Amino acid sequence: MENILLKDKVVEIEAYFAAGGYKPLKKALGLKPAEVIDEVKKSNLRGRGGAGFPCGLKWSFIPKDAEGPRYLVCNADEGEPGTFKDRELILKNPHALIEGMAIAAYAIGAGHAYIYIRGEFAAEAELLDKSIAAARAKGFIGRNILGSGFNFEIFTHRGAGAYICGEETALLESLEGFKGQPRLKPPFPAVKGLFGCPTVINNVETLAAVPAIISNGGDWYAAIGNGKSAGTKLFCVSGPVNKPGVYELPLGVTFRDLLEKSCGGLKPGKRLKAVIPGGSSTPVLTAEEAWAVKLDYESLAAAGSMLGSGAVIVIDESQCMVKLLQVLAHFYHHESCGQCTPCREGCGWIEKIMNRFEEGRAERKDIDTLYSVAEGMMGRTICPLADAMAMPVMSFVKKFRAEFEAHADGKTCAKAR
Amino acid sequence: MPTLTIDGRPVEVEKGTTLLEAAQKLGVYIPRYCYHPKLSISGNCRMCLVEVEKAPKLVTACSTEAAEGMSVKTTSDKVKAARRDVLEYLLINHPLDCPICDQAGECGLQDYYMEYSLAKSRFGQADKVRRQKRRALGPHLVLDNERCILCTRCVRFCSEVTKTSELDVMGRGDHSHIDLKEGKALDNGYSLNIADICPVGAWTSRDFRFKQRVWFLKKTPTICLGCATGCLVEAHHNENTIYRLVPRPNPETNTWLCDHGRLTYKAVQAGDRLTKGVIKNGLIDFEPALREAAARIDEARGAGAVAVLGSPWLSIEDNAALARLAKDALKTENYCFDFNFEQGIKDGILINKDSAPNANGTKLVKAAHGGLSLEELSRRITSGQIKVLLVEARAAGLIKDAVKAASPKLIVFAANRGEIPAGAYDTLPYASYFETPGTFINYQGLRRRTEPSVEAPEGVKPLWTVVNKLAAYSGTSLRLDSAEDALKGIDLK
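Chains as they are written, first to last, in the working numbering: chain A, 1 to 417; chain B, 1001 to 1493.
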């Protein structure tokens, strides 16, 4: 099928417009905000940032009678290791995001929106600024958009390099100028978000899907994909495959099709060992599990993992799972904000245990300690960063225990040395 | 008014009540570090996790509002495991230097470990995160970042109570640490509260540390006499020495205590504490000093040249004894219990515009015994009519111009030598209110008593006793056998 998000030659506003762009905005402005939300609800569009929360439902949580401003925030902080889809989407189709944001803002009654973009995405932020200016020049952003009376402004804000700022409430803190640390919920951002006002935070990919939904109708979008997992998804494939990259495919595509049809299969001589299907924080799948799985919210949940951000990390037999987990442990230890006890102390502890394994100082009992430290972090913190550390640890240990035992017994990494 | 059950027991609470508060209402204690009833909810320590039926995860009791029909478990296996785990995480990088830690004995880590964990460490000693130890911060505190559990109570105290925002958590992850913000100093007048609210040994008081192991301390509830606010405090003492004052939180007056008030106890044990009389500049035993005072009074009273000034720094009992001395023994009308000061909290927290603790108490003495206005007494002193003036040391400051103008002989009651006003002729020591009970009325009109926690130095008596003896020297018995006797005729309401 034709791509909805990743299109070629629509970066310039004229080209985007010629391809039918900004017509959905005009259509949306002719509807009541509640009708726009209904259409998005009907589409079954779910959050593409990782949590998969139904988008229309999220929009409807903005209190109808709330006084004062409301805000729309686009989360473009893309920091989950393995994920590089939002960047590609911004570079290829910036106006889909801008138009999607205008429609979303209209639906929730927001006059201002912010794109919180990862600090390293300098060129992307620049392109967005240019595209926003172009949209403003054409009257798609600004005062009285297309004569509808709707006023709307977008600002970009570059992050300063913290993974935690991809968590929506830490993002809001950072956007307000504070240290990026997740907020205690409730209250949820829909009630008390940016500057204390009702706020919707959506991922880039989520918002960019909105114009097509308004244009073609929610039912059209809901029919794509696999049941409750509707629409297309950007999959970012990394690892020893022939054509790593970002692929837009309907949800429910099999891992096998993604790997073999889109990515041209594994590199010569490589054998699949494991797959992290949704970004580094999602539980790892064994090769056997991966070959059998469909890539959508429900199928991956049933397989004991998550769709996450759609970052498919392919791991072949030459890789050492212990070493990989050490890398992840280092990352999460480094990125823990330090607010809650289990995450602040647990992530560091896990890295230290992983270092023992890698340095040949571990014993078998460290495997159980490792697992239980992770287990103790699960679901006990303000934000899911602790879970993001714990899930790979628990799944790596469960599914590749033999490799940990080999490290403990042989005091060395057989694969790497 | 939602009704919920906690550990199977129903409780009805106001809307907006948190699970932690609802449990408290039932007498169910939920362990906590970052929660403090007078600070914003932070939810970071994760010690108060409880199980709520149908909730997918454990929830923090400090931040979760009670809802109708909720069923909360605070002692389930899941909750116990969470507490054990949180304690294990908190302790892995803790230096475990309890033997040299001043918090030992009143430490949240020690107490909860004994109550909720008792697990053996699974963490290699060599791997601990090291942080800065014992750094003096501000005039009153020492910070040990290695012991810190990052509950942020101190940070929130400085931003929410004193609104001075000196502190913040710097760094990230397990290298987070508390530090001063650039250009700030931790001297906000309330900084010692930080040592109180710190649940561990990270913040300790420079005044108190290493003076006494806390388990030796006896605790006596009393009041602070640092100003008219009259905060409730607890004196911590051992073997006749006071080591510190801490606030006794109460809804009427105070949760906290200012640094000034907290250190008022030091005068009681100070090097200049008077245990003898002073004539001019020479120390003299109490009895001869008393006899000298009586002789000077005797000389002057015939001519109606003796005056007595009460004091808003003295208890109602001691003021009343002074009033009886003037009225019944010296039979003079030259006495004054007229102290009208502007009162009210001046810093938005605790410190009162009126630095004297008992101006309101003296009003009752005036109501019972009458007396001159302060202006009239000043006028009479200035005119030279008054030759001998009995006065409490600090109250002498209220008539200092008159005294300077006419130089009457000052018979002064003082507890510390440093208080004695210039030109004092004869000074008599008296017992402080850490040593003797006294009744005070604070700026809110609340009547409170001091409770003695230590004994007065040998030979030092309560002021009413000194007054009683002076009366006896002048030939009249005031029949004061106890402090209460002095209160006769005074309507305490």
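Just so you know, not all the hints are guaranteed correct.
As the list claims (entries may be wrong) - No farther apart than 20 Å at their CA atoms in a straight line, the calculated lysine to aspartate or glutamate pairs in the DMTMM-like style are these:
{"id": "1", "chain 1": "A", "residue 1": "185", "chain 2": "B", "residue 2": "1127"}
{"id": "2", "chain 1": "B", "residue 1": "1057", "chain 2": "A", "residue 2": "375"}
{"id": "3", "chain 1": "B", "residue 1": "1120", "chain 2": "A", "residue 2": "363"}
{"id": "4", "chain 1": "B", "residue 1": "1078", "chain 2": "A", "residue 2": "368"}
{"id": "5", "chain 1": "A", "residue 1": "185", "chain 2": "B", "residue 2": "1051"}
{"id": "6", "chain 1": "A", "residue 1": "185", "chain 2": "B", "residue 2": "1146"}
{"id": "7", "chain 1": "B", "residue 1": "1266", "chain 2": "B", "residue 2": "1014"}
{"id": "8", "chain 1": "A", "residue 1": "192", "chain 2": "B", "residue 2": "1065"}
{"id": "9", "chain 1": "A", "residue 1": "179", "chain 2": "B", "residue 2": "1179"}
{"id": "10", "chain 1": "B", "residue 1": "1181", "chain 2": "A", "residue 2": "173"}
{"id": "11", "chain 1": "B", "residue 1": "1078", "chain 2": "A", "residue 2": "387"}
{"id": "12", "chain 1": "A", "residue 1": "179", "chain 2": "B", "residue 2": "1207"}
{"id": "13", "chain 1": "A", "residue 1": "399", "chain 2": "A", "residue 2": "289"}
{"id": "14", "chain 1": "A", "residue 1": "398", "chain 2": "A", "residue 2": "375"}
{"id": "15", "chain 1": "A", "residue 1": "23", "chain 2": "A", "residue 2": "35"}
{"id": "16", "chain 1": "A", "residue 1": "92", "chain 2": "A", "residue 2": "173"}
{"id": "17", "chain 1": "B", "residue 1": "1133", "chain 2": "B", "residue 2": "1021"}
{"id": "18", "chain 1": "B", "residue 1": "1120", "chain 2": "A", "residue 2": "387"}
{"id": "19", "chain 1": "A", "residue 1": "179", "chain 2": "B", "residue 2": "1299"}
{"id": "20", "chain 1": "A", "residue 1": "179", "chain 2": "A", "residue 2": "120"}
{"id": "21", "chain 1": "A", "residue 1": "179", "chain 2": "B", "residue 2": "1458"}
{"id": "22", "chain 1": "A", "residue 1": "185", "chain 2": "B", "residue 2": "1458"}
{"id": "23", "chain 1": "B", "residue 1": "1078", "chain 2": "A", "residue 2": "2"}
{"id": "24", "chain 1": "B", "residue 1": "1120", "chain 2": "A", "residue 2": "375"}
{"id": "25", "chain 1": "A", "residue 1": "365", "chain 2": "B", "residue 2": "1481"}
{"id": "26", "chain 1": "B", "residue 1": "1469", "chain 2": "B", "residue 2": "1207"}
{"id": "27", "chain 1": "B", "residue 1": "1128", "chain 2": "A", "residue 2": "358"}
{"id": "28", "chain 1": "B", "residue 1": "1080", "chain 2": "A", "residue 2": "358"}
{"id": "29", "chain 1": "A", "residue 1": "352", "chain 2": "B", "residue 2": "1146"}
{"id": "30", "chain 1": "B", "residue 1": "1128", "chain 2": "A", "residue 2": "363"}
{"id": "31", "chain 1": "A", "residue 1": "92", "chain 2": "A", "residue 2": "126"}
{"id": "32", "chain 1": "B", "residue 1": "1128", "chain 2": "A", "residue 2": "359"}
{"id": "33", "chain 1": "B", "residue 1": "1057", "chain 2": "A", "residue 2": "387"}
{"id": "34", "chain 1": "A", "residue 1": "352", "chain 2": "B", "residue 2": "1127"}
{"id": "35", "chain 1": "B", "residue 1": "1025", "chain 2": "B", "residue 2": "1014"}
No lab work stands behind these hints: they were computed from the structure.
Bear in mind the structure is a predicted one, so any value in this text is a computation, not a measurement.
Evaluation of the provided hints:
Note on residue 185 (chain A) and residue 1127 (chain B): the hinted pairing is violated, with a Cα-Cα distance of about 34 Å set against a maximum of 20 Å. Proximity of residue 1057 (chain B) to residue 375 (chain A) is assessed by CA-CA distance (about 13 Å); at most 20 Å being required, the pair is judged to hold. For the given pair, residue 1120 (chain B) sits about 17 Å from residue 363 (chain A) by alpha-carbon distance, which is consistent with the 20 Å threshold. A threshold of 20 Å between alpha carbons decides the hint, and for residue 1078 (chain B) with residue 368 (chain A) the separation of about 19 Å falls inside it, so the pair holds.
Note on residue 185 (chain A) and residue 1051 (chain B): the hinted pairing holds, with a Cα-Cα distance of about 17 Å set against a maximum of 20 Å. Distance restraint check for residue 185 (chain A) and residue 1146 (chain B): the Cα-Cα separation of roughly 29 Å exceeds the 20 Å cut-off, and the hinted pair is therefore not satisfied. A distance of roughly 43 Å separates the Cα atoms of residue 1266 (chain B) and residue 1014 (chain B); the hinted pair therefore is violated under the 20 Å criterion. With a C-alpha separation of about 16 Å, the suggested pairing of residue 192 (chain A) with residue 1065 (chain B) holds against the 20 Å cut-off.
Taking the CA atoms of residue 179 (chain A) and residue 1179 (chain B), the gap is about 15 Å. The hint holds against a cut of 20 Å. Of the supplied pair hints, the one linking residue 1181 (chain B) and residue 173 (chain A) holds, its CA atoms being roughly 19 Å apart against a limit of 20 Å. A C-alpha spacing of about 17 Å is found between residue 1078 (chain B) and residue 387 (chain A), which places the hinted pair at or below 20 Å, so the restraint holds. Distance check on the hinted pair: residue 179 (chain A) and residue 1207 (chain B) sit about 34 Å apart at the alpha-carbon level, beyond 20 Å; violated.
A C-alpha spacing of about 11 Å is found between residue 399 (chain A) and residue 289 (chain A), which places the hinted pair at or below 20 Å, so the restraint holds. With a C-alpha separation of about 12 Å, the suggested pair residue 398 (chain A) and residue 375 (chain A) falls inside the 20 Å cut-off, and the hint holds. Using a Cα cut-off of 20 Å, the hinted pair residue 23 (chain A) and residue 35 (chain A) holds, with the two alpha carbons roughly 17 Å apart. Under the criterion of a C-alpha separation no larger than 20 Å, the hint pairing residue 92 (chain A) with residue 173 (chain A) is inconsistent with the structure, at around 29 Å.
For a cut-off of 20 Å, the pair hint linking residue 1133 (chain B) to residue 1021 (chain B) is broken: about 35 Å separates their Cα positions. With a C-alpha separation of about 25 Å, the suggested pairing of residue 1120 (chain B) with residue 387 (chain A) is violated against the 20 Å cut-off. Taking the CA atoms of residue 179 (chain A) and residue 1299 (chain B), the gap is about 75 Å. The hint is violated against a cut of 20 Å. Restraint check: the Cα-Cα separation between residue 179 (chain A) and residue 120 (chain A) comes to about 18 Å, which is no more than 20 Å; the hinted pair holds.
For the suggested pair residue 179 (chain A) and residue 1458 (chain B), the alpha carbons sit about 59 Å apart, so the restraint of at most 20 Å is broken. Of the pairs offered as hints, the one joining residue 185 (chain A) and residue 1458 (chain B) is violated, with about 61 Å between alpha carbons and a cut-off of 20 Å exceeded. For the proposed pair residue 1078 (chain B) and residue 2 (chain A), the alpha carbon gap of about 50 Å is over 20 Å, so the pair is violated. A distance of roughly 18 Å separates the Cα atoms of residue 1120 (chain B) and residue 375 (chain A); the hinted pair therefore holds under the 20 Å criterion.
Straight-line distance between C-alpha atoms of residue 365 (chain A) and residue 1481 (chain B) comes to about 75 Å, which puts the hinted pair past the 20 Å bound. About 38 Å separates the Cα atoms of residue 1469 (chain B) and residue 1207 (chain B), which puts this hinted pair outside 20 Å; it is violated. Distance check on the hinted pair: residue 1128 (chain B) and residue 358 (chain A) sit about 19 Å apart at the alpha-carbon level, within 20 Å; holds. Under the criterion of a C-alpha separation no larger than 20 Å, the hint pairing residue 1080 (chain B) with residue 358 (chain A) is inconsistent with the structure, at around 33 Å.
As the CA atoms of residue 352 (chain A) and residue 1146 (chain B) are separated by approximately 18 Å, the hinted pair is consistent with the 20 Å bound. Pair hint residue 1128 (chain B) plus residue 363 (chain A) holds up; C-alpha atoms about 19 Å apart against a cutoff of 20 Å. A distance of roughly 13 Å separates the Cα atoms of residue 92 (chain A) and residue 126 (chain A); the hinted pair therefore holds under the 20 Å criterion. About 18 Å separates the Cα atoms of residue 1128 (chain B) and residue 359 (chain A), which keeps this hinted pair within 20 Å; it holds.
Distance hint between residue 1057 (chain B) and residue 387 (chain A) is fulfilled; the C-alpha atoms sit about 12 Å from each other, no more than 20 Å. Proximity of residue 352 (chain A) to residue 1127 (chain B) is assessed by CA-CA distance (about 7 Å); at most 20 Å being required, the pair is judged to hold. Only pairs whose Cα atoms come within 20 Å are accepted, and residue 1025 (chain B) paired with residue 1014 (chain B) is accepted, the gap being roughly 11 Å.
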